[in-house]
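Starting from the structure of chain A, add chain B where the hints point.
Number of protein chains: 2
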Amino acid sequence: MTRLLWIALLVCTTGVAQTTDDSKRASTNVPEAEYPRVHSDLRVTFQVKVPDAHKVQVRIWSDEKLYDMTRAEDGTWSVTIPPMVPGFHYYGLVIDGAEVNDPGSETFYGAGHLSSGIEIPEAGVDFYAIKDVPHGEIRQLRYYSEVTQSWRRAFVYTPPDYDINLKARYPVLLLLHGGGEDERGWVVQGRTDIIMDNLIAEKKTVPMIIVMDAMYAHKPGESAPPVTLPPGSPGTIHIAVPPTYSEVVTKDLIPTVDKRYRTLADRDHRAIAGLSMGAAYAMQVGLGNLDSFSYFGSFSGTVMRDLNVETSYGGVFKDGADFNKKCHLMFIAAGTAEQSRLEAARHAREELDKVGVKYVAFDSVGTAHEWLTWRRDLHEFAPLLFHESNH
Amino acid sequence: MTRLLWIALLVCTTGVAQTTDDSKRASTNVPEAEYPRVHSDLRVTFQVKVPDAHKVQVRIWSDEKLYDMTRAEDGTWSVTIPPMVPGFHYYGLVIDGAEVNDPGSETFYGAGHLSSGIEIPEAGVDFYAIKDVPHGEIRQLRYYSEVTQSWRRAFVYTPPDYDINLKARYPVLLLLHGGGEDERGWVVQGRTDIIMDNLIAEKKTVPMIIVMDAMYAHKPGESAPPVTLPPGSPGTIHIAVPPTYSEVVTKDLIPTVDKRYRTLADRDHRAIAGLSMGAAYAMQVGLGNLDSFSYFGSFSGTVMRDLNVETSYGGVFKDGADFNKKCHLMFIAAGTAEQSRLEAARHAREELDKVGVKYVAFDSVGTAHEWLTWRRDLHEFAPLLFHESNH
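In the order they appear, the protein sequences are chains A and B.
Residue numbers 61 to 451, in this note's numbering, belong to the letters of the first sequence in order.
Residue numbers 61 to 451, in this note's numbering, belong to the letters of the second sequence in order.
Each hint can be trusted.
It does not matter which identical chain is used: a pair holds within one copy or between any two.
Simulated crosslink set (EDC-like; lysine to aspartate or glutamate; CA at most 20 angstroms straight-line):
id: 1; residue 1: K264; residue 2: D192
id: 2; residue 1: K191; residue 2: E206
id: 3; residue 1: K279; residue 2: D192
id: 4; residue 1: K311; residue 2: D192
id: 5; residue 1: K109; residue 2: E133
id: 6; residue 1: K418; residue 2: E440
id: 7; residue 1: K279; residue 2: E92
id: 8; residue 1: K191; residue 2: D312
id: 9; residue 1: K319; residue 2: D192
id: 10; residue 1: K115; residue 2: D134
id: 11; residue 1: K311; residue 2: E282
id: 12; residue 1: K319; residue 2: D223
id: 13; residue 1: K319; residue 2: D221
Please keep in mind that the hints were generated in silico from the structure rather than gathered at the bench.
If you're wondering where the values come from, they're calculated on a predicted model, not measured in any experiment.
Bound-form chain A, shown alone:
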């Protein structure tokens, strides 16, 4: 009897630990969390204990689907969902109508709050995996903005040799997040330092400084218009009046970066790019300040939908030949699985063709409006930077 009981207990334990299937803890879990688990066919099992709930669901932001979880007798709810697309997906648990974090997940700032996220591995791809190469640093930069009269925070990537070649100076890329995200986006979800360390080790890109700032900015008394966010968020957020953010960049951020870091402080060595809403700000700030920037990137920018070469950005594109002289790179990217952004990118490219503005097009095959698209964008964009200038 006693022996049988022990065997039964062992079987139970094995079942709980899920050692009988091929699933693995998601790499985005906190250290002690066994769930969510990713199966070899990329199905995902979510599990959470909510003894007294009526209803618990998982909401995956990228496919806009809600999956009902099933309650076990001990109050544990779980569901295994169909194979997910590789990449980084925000998600939440919806408990009795409220979207909250999964305690098993790390948190990621998206849609105006800290959300759960899950990394679905991409077979055979390792450009954003940490490798045994020299590593740069991500530095937290606190700076005071005279424009907004407030302390701000940016993150700054410095390349591996920055503290070794103490006389070297570096070009600068200003990299902007998407709507609802903040300066942490490119650091955490984007894996910017890992992508750059790998590219630099392979000598595929020029070592550069990358500044990851937040676009939220308003002057005292100024209120930014509300931006509507997807479900699961606080509803709306207030980013910045674009001209105000442009002032922050030119009057506060660039001078601070040029003072604090060994930069090549001229337009030939300065690039600006952003994703989604950040693409709109990158174009607004960059094309509005051609004396400060000469490389431009739009990653999944909805703003590209409205591009008009005659009227947009003060008519900067009108004389294509003249713009080509001033612009070292115009990079326009979208994922093939984000239809509206892909169409926007194609529209913009057609517009630029009309006046002979040169650009580089990149379509990320099979990826949607999420961070795998943007990691690939950075991986394509960075190697094109700072070649035409006398670096």
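For chain B alone, coordinates are given in the frame of chain A:
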């Protein structure tokens, strides 16, 4: 009629926005969240929308209390709780039996997962407030551990003049988090860079490098014993077998830091301190490696309860006069509102008195087992470091 309706709407709007009381959004909220709100008498109002829940509660970790929230017709639950003690408090929302984050709060790694937290302001105290002084940086350091055969992450504080005085070398403090926290604790909850920037600006401390590492470490095949965590957590976590972490520090971390940063690489210029469980690791690693460290700090260490000057740490304290020659500082701190840790600190001091070991005692008046105690500890400890050595 129309006019009356408008007035009614305005009154409602005002009510919702809470402009009629003196409460303010907590500084730990995400940017768009109006709740939680801190009143001038330090009462706190929490609010969350969970339309279909049976029961919603707020759990404040530091006072181990659960407060029931009340449901309004629209599915919004709220509660105003009695005045809270100034400082940083972890908390969670308990929805139908599951503790989850408050979507209105930033998240903080504590008790093995990302938790909500609230900063209760301390009147007239600004040593951890950001000021118009030169600012150092927090840098993310990735390093490979030969001991654990894995990539690890630490955060490194460099003082404001680090990138200006390019020939200066700096002493190093290794600062450890508490059980259930990680390398982010001192960066985010601890506000280490702000405290140090302010102390350095006031010339109250020697500029130093501070390394904030995570104690989680195990060799391949080794399993660390489970550590029980408070409610609201995954239950248990596995930190490290202390000798394994000691090996990580001496074989991987210190050599990496000395290679990557301009350190003064000897025992006279190296300190180690930690909070709570981190105090146990600091003593184990520091006192076990007197050739590497000469300054020691225990902040709220339960480990102090068991200190025995004859037997602890291989009898290192036995010959008090000899130990005093080797040790530049032994700092033993606790909050007066954390009874068991205060008793542990007092016991340790009495033990050290028996053999004439010199130490500095610091009791943080009125604070409990939370980050205000540890911010104060750092603020007291840092000015005592690196004076006895030839800096």
